[in-house]
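So the chains spell out like this:
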Amino acid sequence: MSLLRRRQRDTAETTAERFPAEPLEGPLLEVTNVKTHFDSPRGVVHAVDDVSFSLDRGRTLGIVGESGSGKTVLSRSVMGLLPKKHVIREGSITFEGREIGNLGASEMRHIWGSQMAMIFQDPMTSLNPVMKVGNQVTESLLYHLDISRTYADELAEALFTSVGIPEPKRRLDEYPHQLSGGLRQRVMIAIALACGPKLLFADEPTTALDVTVQAQILDLLQEQQRERFMAMILVTHDLGVVAGRTDDIAVMYAGKIVEKAPTSVLFRNMKMPYTEALVQSIPKLADKSHTRLHVIGGRPPPLINPPVGCRFAPRCPYAQEKCVKEEPPLRESDVPGHTFACWFPVGTPEGRDALERNRAAGVTAAVVSDGAAAAVSTTATEVG
Amino acid sequence: MPEPPPESAGTALADELETTGLVADAVTVEIAGVTAGVQPRRKKGLGVGSWLAIAWLAGLVLAAIVAPILPIPGPNETFTDIQNNQAPFATVNTPVGCNGSACTGSIVPFTEGHPLGGDKNGHDLLSRAIYGARDSLIVGFGAIAFGILAGGLLGLIGGYYRGKIDTVIVGFLDIMLAIPALVLALSLTAVLRGRVDDLWILVIALGIISVPILGRITRANTLVWAEREFVTAARAQGAKNWRIMTREVLPNVLPAMFSIALLGVAVVIAAEAALRLLGVGLSITDPTWGGIINDGRDALTQGQTAHVVFVGSAFIFFTILSLNYLADVVRARFDVREAAI
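Order-wise, the sequence lines are chains A and B. In terms of my numbering, the first sequence opens at residue 1 and continues consecutively. In terms of my numbering, the second sequence opens at residue 1001 and continues consecutively.
Looking at chain A on its own, in the form it has when it is part of the complex (with noise of 0.2 Å):
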C-alpha cells in the first residue's frame, strides 16, 4: 500500500510538472450545447444533438438510455476519440477550464490516460490478445510517467492488487485470453486508473459481464473512484446500475438528454415519461414469478431526420397534439439540478390531464395526428 502511495505522489508531481495547475475551483468537466452528427450515405444521423451538462470533481454521473440513444457516442465525443472524417462536431467541451473539443490528437494524447480515461464496454475485445496483460499496464505508465521499467513493473503490481487481481505477479505475465472475464475487466480497470486520471469514463463496464461479477465489479469502480477523488461517467442502459452509485443522473433519448437529476430525486420525483417507463420496465423482486414486464412499446425514432416535436412522443402514453408540433425545452423543476423536458409531466396536474384524456381516447394523440408512429417502428437507425 505504501507502493500506491509513492505512486500517486509520482504522479501528481509529474504531472504538475507537465501541466500547469489548473483553478482548483470550477468544474472538472464542462459540455456545452455538444452536436455530433454523422455523415452517411443515407444522410446526416442525428446522433448526440444538443447535449449540456457538468460535472464537479470527485462526482459520478449516471448517463442512462437506450441503445442508439447516442450515450456512447457522447461519452466518445467527449474524449474525443471519434474518427475525423464524416464527422460533423458543435459546442464546446472544456475540460478543467480548457476547452478540449477542437483539439487535435497530439494534443490530446497528453489528456487521455493521465487526464481522462476510458473503460470499455467487453473486456474480451477491449485488451491486445498477443500482449502480456503486464506489459499493457506498464505502456501507459511508461509513456505518461518519466519512471523507469522496474519501478513501472512494481506499479502495475501494486495496481493490480488495488483492483483486487489475486496473484498479481503471476498475473502480470499472463495473456488476456488466460484470465476470466472478470479478471480481464480488472485488468481494463488497472489500465485505466494507472496514470491517476481526473476523469473516468466508464463506457457499459458490466455489460459482457457475469450479474455475480456485475456487483463487484461496479463495487470496485465506485471504491478506486472514492479512494482517488476521480469523477466518474457511468455509462450504462440499466437505471439498476446506476441506482445508488452516482451522484447524478442524465436519460438520454435520441441524442438528446431528456431529463437529468440527483440520483435520489430522479427515482422518487421523475418527471419525464420515459424516465418513468424506464423505471417501470425495471423488473420487481416483490413481483409474483409471471408478472407481466412493463415494457415500452415502438423503437427509437431514426436519428436521419429526428421527428420534428417531443422525439418520445411516439411511444409515449401522455402525448398530446402539442407535443407533435413543439420540441419541449429542458427547463428547471422545483427542486435544484432537477431538470426535464416534458410538456406534460409526470406527476403534475397537466400530466394527470393528459393521460387521462388518452385512456379515454384509447389512443394517445401522436398516434391520432399522423402516421408518425408507424414510420418510427418501422424504420429505426442504430447509433451505438
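If you are wondering where the hints come from, they were derived from the structure by calculation, not from laboratory data. Quick caveat, the model's predicted, so the values are computed rather than measured. Just so it is clear, CB atoms sit at the ideal spot from N, CA and C, and this is done for glycine as well. It is possible that some hints are incorrect.
Cross-link-like lysine to any residue pairs, in silico, SDA-like; alpha carbons within 25 Å at most [said to hold, decoys possible]:
(1) 132/A with 1330/B
(2) 132/A with 1229/B
(3) 1240/B with 82/A
(4) 35/A with 1232/B
(5) 1240/B with 1229/B
(6) 1240/B with 1166/B
(7) 84/A with 1247/B
(8) 132/A with 1183/B
(9) 1240/B with 148/A
(10) 1164/B with 87/A
(11) 284/A with 244/A
Label-pair restraints from in silico Cβ distances [unchecked claim]:
(12) 1171/B with 294/A: 52 to 58 Å
(13) 1047/B with 290/A: 55 to 61 Å
(14) 1051/B with 229/A: 55 to 61 Å
Add chain B to chain A, keeping to what the hints say.
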C-alpha cells in the same frame, strides 16, 4: 458405505460454493489459482517431426557454411565418369549409350563417390545442392525479408491510416501486380546489372516482386485489426500512432504475413531458376537449387532421367516443409488467441 477420500473435501466445498452461485469472483479465482499452482503445467515435447525439421534446417545451413571443408567435390568440378555414364531410366525413344558431345546422360544416385548422382555437365549433385543452398537460401530469404519490410510497412501504413495515403499505396501495389512478375524481374535485373553483385540483383528484383503480395496481405489484416476495440483502448490511454501500429496491430498481423512469406520463399527459390532460364540470373558456375532443376530439365523432358530435377526439387521441398512445420509448431505452442474460453 465407503468413506470419501479426504482430499475431496476441498473440492466439495468449492463445488458447493459454485452451485450456490454466491461465491465471489476473487474467491473462485483464488481456488483455481491454488489448484493450478499445485499441479505443474503440462509441458509438451517437441515431437519427432519438429526434431526432424530442425535437424534438416540446421544440417543444411551448417553444411552450406562449412561446404569447402566437407569431403565433397567442388560444385564446378567435372567428372568424366558422370558425363560418360548413360541415363538410368532411359525410355524407348532415347538412344542407349552416349556418343561424345551429344551426351546428355546423368549417373544414378547412390553410386560410388556420388551419393546423389550427377547432372549432364558432369557435376556432382550432392556438392551442387550443398553449395547451392548458400545462394538459394540467401535469395529466398533475402528477397522475402525485403518484401516483408517494404510491403509490411506500406500495408501497415495504408491499412492503419486509410484515406488518401491508403489510396496511393493500394494504387501503387496494384500497378506492380498488374505487371507480369517475370517481366518486372527481367527489367529490374536489366536495370541493376553491373551496379551490384549478381546475387544482390536477384535479391532486390525478386524482393520488389514480393512487395505487392505481402503489402496487400498486411493491409487487409491491418484494416481488420485496427478497427478492434483494444486499439481504441490504447488510443484512449494516449498511445501514439506509431506505437499502436507496431505494438498493438503488427503482432496480430504477423502470423498472416509469415504464413504467406514462407510460401513466398519457395516461390522465390523457384523464380530464380526461371530467371536463369531466361539468361539473366546467376551463371552456371553459381549453383542454386533452381539451377539444378534447370540443368535437369532437358533430361526430364526428353524422357531420359528424372533424378536431377528430383534432387533440386527435394531440397526445396524439404526446406519449405520443415519451415512450415516448425512455424505451425511454434504457433501452436505460443498460441495466444482471444477466444480461448
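Now for the hints, and whether the structure bears them out:
no.	hint	result
1	132/A with 1330/B	18 Å, holds
2	132/A with 1229/B	17 Å, holds
3	1240/B with 82/A	16 Å, holds
4	35/A with 1232/B	21 Å, holds
5	1240/B with 1229/B	16 Å, holds
6	1240/B with 1166/B	19 Å, holds
7	84/A with 1247/B	23 Å, holds
8	132/A with 1183/B	46 Å, violated
9	1240/B with 148/A	19 Å, holds
10	1164/B with 87/A	17 Å, holds
11	284/A with 244/A	16 Å, holds
12	1171/B with 294/A: 52 to 58 Å	57 Å, holds
13	1047/B with 290/A: 55 to 61 Å	58 Å, holds
14	1051/B with 229/A: 55 to 61 Å	60 Å, holds
Hint 8 from the list above is the single one not met by this structure.
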